[in-house]
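Peer 1: Work from the hints to combine the two standalone chains into their complex.
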Amino acid sequence: MKRNNSDKTLLSIGSILTMLLVWYLLTNVGSISNVILPKPQDVWDSFVNLCVNGYGANKDTLFMHLMASFKRLLIAYGLSVITAVPLGLLAGYFTHVSSVITPFVEFYRPIPPLAYYTLLVLWFGINEESKIILLYLAGFAPIFIACVSGVKRISVDYLNASYMLGANKKQTFMNVILPASLPDIFTGLRTAIGFEYTTLVAAEMVAARQGIGWMVLDASNWLKSDVVFVGVIIMGLTGILLSATVLMLEKRIVHWSGK
Amino acid sequence: MKKLLTVLVVLAMILAFAGCGGGDKKPAEKKQAAAPEKVTIGIQTLVTPELLMREKGVYEKYLGCKVDMVMFNSGADVNRAFASKSIDIGMIGTSPAAIGISTNLGYEVFWFADVIGAAETLVAKKDSGIKTIKDLPGKRVATPFASTAHFSLQNAMSLNGVDPASVKLFDMQPNDIYAAWTRGDIDAAYVWDPVLSKLFAGGGVSITDSAELAKKGVVTADLFVINKEFATKYPNVAKGFIKAQIDAVNQFNKDKKAAVAKLAKTIDIKPEEAEAQVKGFIYPDGKEQLSGQYFGKDGKSGNIANILKQSADFLVKQGSIKSAPDIAVFKEYSTGEFIVRAMNE
Numbered sequence: 001m002k003r004n005n006s007d008k009t010l011l012s013i014g015s016i017l018t019m020l021l022v023w024y025l026l027t028n029v030g031s032i033s034n035v036i037l038p039k040p041q042d043v044w045d046s047f048v049n050l051c052v053n054g055y056g057a058n059k060d061t062l063f064m065h066l067m068a069s070f071k072r073l074l075i076a077y078g079l080s081v082i083t084a085v086p087l088g089l090l091a092g093y094f095t096h097v098s099s100v101i102t103p104f105v106e107f108y109r110p111i112p113p114l115a116y117y118t119l120l121v122l123w124f125g126i127n128e129e130s131k132i133i134l135l136y137l138a139g140f141a142p143i144f145i146a147c148v149s150g151v152k153r154i155s156v157d158y159l160n161a162s163y164m165l166g167a168n169k170k171q172t173f174m175n176v177i178l179p180a181s182l183p184d185i186f187t188g189l190r191t192a193i194g195f196e197y198t199t200l201v202a203a204e205m206v207a208a209r210q211g212i213g214w215m216v217l218d219a220s221n222w223l224k225s226d227v228v229f230v231g232v233i234i235m236g237l238t239g240i241l242l243s244a245t246v247l248m249l250e251k252r253i254v255h256w257s258g259k
Numbered sequence: 001m002k003k004l005l006t007v008l009v010v011l012a013m014i015l016a017f018a019g020c021g022g023g024d025k026k027p028a029e030k031k032q033a034a035a036p037e038k039v040t041i042g043i044q045t046l047v048t049p050e051l052l053m054r055e056k057g058v059y060e061k062y063l064g065c066k067v068d069m070v071m072f073n074s075g076a077d078v079n080r081a082f083a084s085k086s087i088d089i090g091m092i093g094t095s096p097a098a099i100g101i102s103t104n105l106g107y108e109v110f111w112f113a114d115v116i117g118a119a120e121t122l123v124a125k126k127d128s129g130i131k132t133i134k135d136l137p138g139k140r141v142a143t144p145f146a147s148t149a150h151f152s153l154q155n156a157m158s159l160n161g162v163d164p165a166s167v168k169l170f171d172m173q174p175n176d177i178y179a180a181w182t183r184g185d186i187d188a189a190y191v192w193d194p195v196l197s198k199l200f201a202g203g204g205v206s207i208t209d210s211a212e213l214a215k216k217g218v219v220t221a222d223l224f225v226i227n228k229e230f231a232t233k234y235p236n237v238a239k240g241f242i243k244a245q246i247d248a249v250n251q252f253n254k255d256k257k258a259a260v261a262k263l264a265k266t267i268d269i270k271p272e273e274a275e276a277q278v279k280g281f282i283y284p285d286g287k288e289q290l291s292g293q294y295f296g297k298d299g300k301s302g303n304i305a306n307i308l309k310q311s312a313d314f315l316v317k318q319g320s321i322k323s324a325p326d327i328a329v330f331k332e333y334s335t336g337e338f339i340v341r342a343m344n345e
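For the protein sequence lines, the chains are A and B, in the order given. If you read the first sequence in my numbering, its first letter stands for residue 1, the second for the next number, and so on. If you read the second sequence in my numbering, its first letter stands for residue 1, the second for the next number, and so on.
In case anyone wonders, no lab produced these hints; they're calculated from the structure. Treat the hints loosely; a few may be bogus.
List of simulated lysine to any residue pairs, SDA-like, C-alpha gap at most 20 Å [what the hints assert, rightly or not]:
hint : chain 1 : residue 1 : chain 2 : residue 2
1    : B       : Lys85     : B       : Glu37
2    : B       : Lys134    : A       : Ala57
3    : A       : Lys59     : B       : Val162
4    : B       : Lys322    : A       : Asp45
5    : B       : Lys256    : B       : Thr232
So that you can see chain B by itself, here it is in the shape it has in the complex (with noise of 0.2 Å):
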């Protein structure tokens, strides 16, 4: 009997827990477009005019509040800390993002950082015997998995009836990437700077990039995301957030040859390499992005939703998700209406 009991008020207290649970956790703010306490920004290593914003002190002019910022090495680890509530805002390649929102992770597309060119590119050593993909069965090939140039590498087999089960696909981190490449463990692999351009000083050639997959329909790009509550009870830390970038984009443009020098400061790389690295991508600026090809002129009716809609049914194809959700899914999260904000300011 009185286990009985004790059962009963423990499945209670849950039930009474679950209940509540996904409720707002935070004291009713008093005015609407109040500033949070913080904001946690997830960033990627990669060279954008983003870079040019990440002086001290900067991001907390622009969004009104303290900023944290964390380093993640993938798309997939930026998911994960999307899924344990730890950021806000993040930086996220076209296809882990199509993930995100295929799970129900609560997250919007609201600026494209860039759009991928030959910033990634599938290299192979030049004794490896693949000239083309078509070449690629039976050779052992390394890329990142769930990564822009994963989906990338499995488009092009695709475009080019390569069966995948054929090649020996390793899953690594860039950084592991070079030291197989160097013991001659690997004949090719899809990745991205810094270790790309290793890879082509270490003897690589070029098979495609992502800019010659951009040409065939295949479009990847790299995205920031906020998650969506967070940007509706703080609709002016999400517009500050991306009046930097319009800011950080206008500067770029305006005198290149300086920004490039302070992007290669800011990460601690020679600027040749920056500038070299700045050339595999295109930068869209705020009225760019107002455009059809991203987030349309009212900023909703633009590419992006059937960008990541494509994204999200190649990979349920593939296998990697179980189902993508509707094109208006995807409309829903993503929006330029913070772009339309910053704009007319």
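Pulled out of the complex, with its shape left as it was, chain A reads as follows (with noise of 0.2 Å):
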């Protein structure tokens, strides 16, 4: 078992190098355009350069921008959180719910965020508003129908002896429903803080000033490709990182699922 886990490790590791091998040579040795693929080493130095010295006409750092993006995000994903999780559950055990709210959601869902974000910014405005209900719209759909679908998948077995051993309906939805539905619920979650982090950057997209979205379109403006790259690792890595935060959290509280 473990020379199985440290050859996957060894195998990943090898891929990566390899790859940043490639990167060396197609760009120093070969006549790769620099506009097309940078240099791994102007990459570095620029990633420096931002850390220290800032992007924009305020000269924020990369830290800044990322915590501009990141400030978007999560109060984007906590308004969504508590706004999707309350109402998705009430709409998988009323019908009546369902019917009033589900088809607004099902309309708006599959449509791009980049096509209905330029009525947000003439309702809304340029500020922080359109861009923090641009990620909040992101983010509802998916924990809204995870948690419909998740109370509709219990089983009305489970229901039934709730209520024939004398529980009440809150009782039952606080000690059946709801954590029967977590494991969907979770779902729902690490679905919809993927999707807003991948419509961050067109939240970005209009009079944004400050953002890691917002620095990697403006860099492309001038042709800056190294601090492009620089933008783009730097979110997937952050995307992995939080996902991951969402998986672990997942496996503390749901810790049955599977079982």
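Peer 2: Written out as structure tokens, the structure is:
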């Protein structure tokens, strides 16, 4: 068993190192334009420069841009969780609630956020509100839908047993419905953070002055591909971190899943 | 052992690929001045005599091959298209062109589509408290970044001693600017038409414009650029394109009223709007472009290289680009040779 795990890790590390080597050779020995593929050393130098000297008119450091993006993300995520979870669970339990809310959710969910973002800017302005609302909408739908299906999937036997044992509606909710739908709720939470994160760049496309997505878009306008690479790599790494965090929470809270 | 072998084989393949990267992928043409299968031209929605040539089949006749026209919203988009080798000819402002040449995108300037006068203006809301550039600190100003308008705004601030960090500058596309103006989210904008006219109509006042800046030595213009390798391989296509532009400007000058009406129809605006916009530009004709102000008499010694170099140096000072090459590079990547050839026919 131990040998299997170390083999897997070695393979992953080897694959990444090979890619880095190929990247280095292609850009330093080969003749690819630096705009199409910047040199790894340039990307590293950019990274250091961004941390120390910053980017943009206000010379915000990389850390400050990341924090600006995360602030938008976490506020929107918090809002989507506290509204979508209760609404979703209610809609799963009461079909009337579902009939009212679900058509709107199902309608806007497949629309690419960038398509309706310009509408949001028209209605809510160019400041933080429209950006947070866009991120909120990106996260609301997956959580809502996961909660609805989570409740609906509960075997009616569990509910009947609960009522037979004398539990009232509230007790049933807290002790049967909520725990039984937790695995689905967490699936929704993980999907939502992913969707919101990928929507971050769209949210920072119009009239942002800070943020990691804005930094990537602005650098692209000036053909600063090394900065673009730094931004994209950072976004990839923080995306992994965010998913892993939610997954860790899920393993702690829904410890019975799969057993 | 197997793993090492695989890595070595992959490395060898990649080196072989990289070594011949950048070489000519098209099969050798038998005739030197043959025509390509197709030419892709990147254009922007600007009111210039070039619009007179946009009728079906006209460019095909001048260039002698199939023509694809692709619309772009900004010079930055045109630069990205050149970077990915998606277009052969493009219309682009002087400042994004300076960026493109500084980053070796491989194109050369070969025609002035227009010189920008009042066509780009800094407009402020009447009640914003902005009467001059010096009133900008603390105000919210929008402009599309990396455009000639942005360049002009940065220069205007610099000439008036205004620290750019003290102004709330927003990078917005023209139609987003209009929405933000209407909502009251911004106080001023440096932008061009069609949004510019809408801002004036919505209670905007001109603070300064690119004509005033040109008088102070800050020249901005819209240029046509062509992939240098492409031009060397297909000089007849380059010459044909220039001939089309020369004829367009001549047609425009011969009967301005008819030309303006035709321009208006091509981009679907009212003739009065087109007339107003045309007043904001200068359209030098073939002969004028071969003067010292533009490409020079022999097409090699004009002011174009200086304009580009100055733009690049300013952008380096602003921190927008890392470095600007010598003036020699700008001289190499700007040429009036196709104008000379077209005029001599």
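Peer 1: Among the hints numbered above, which are violated by the structure, and what are their numbers in rising order?
Peer 2: Structure breaks hint 5 only.
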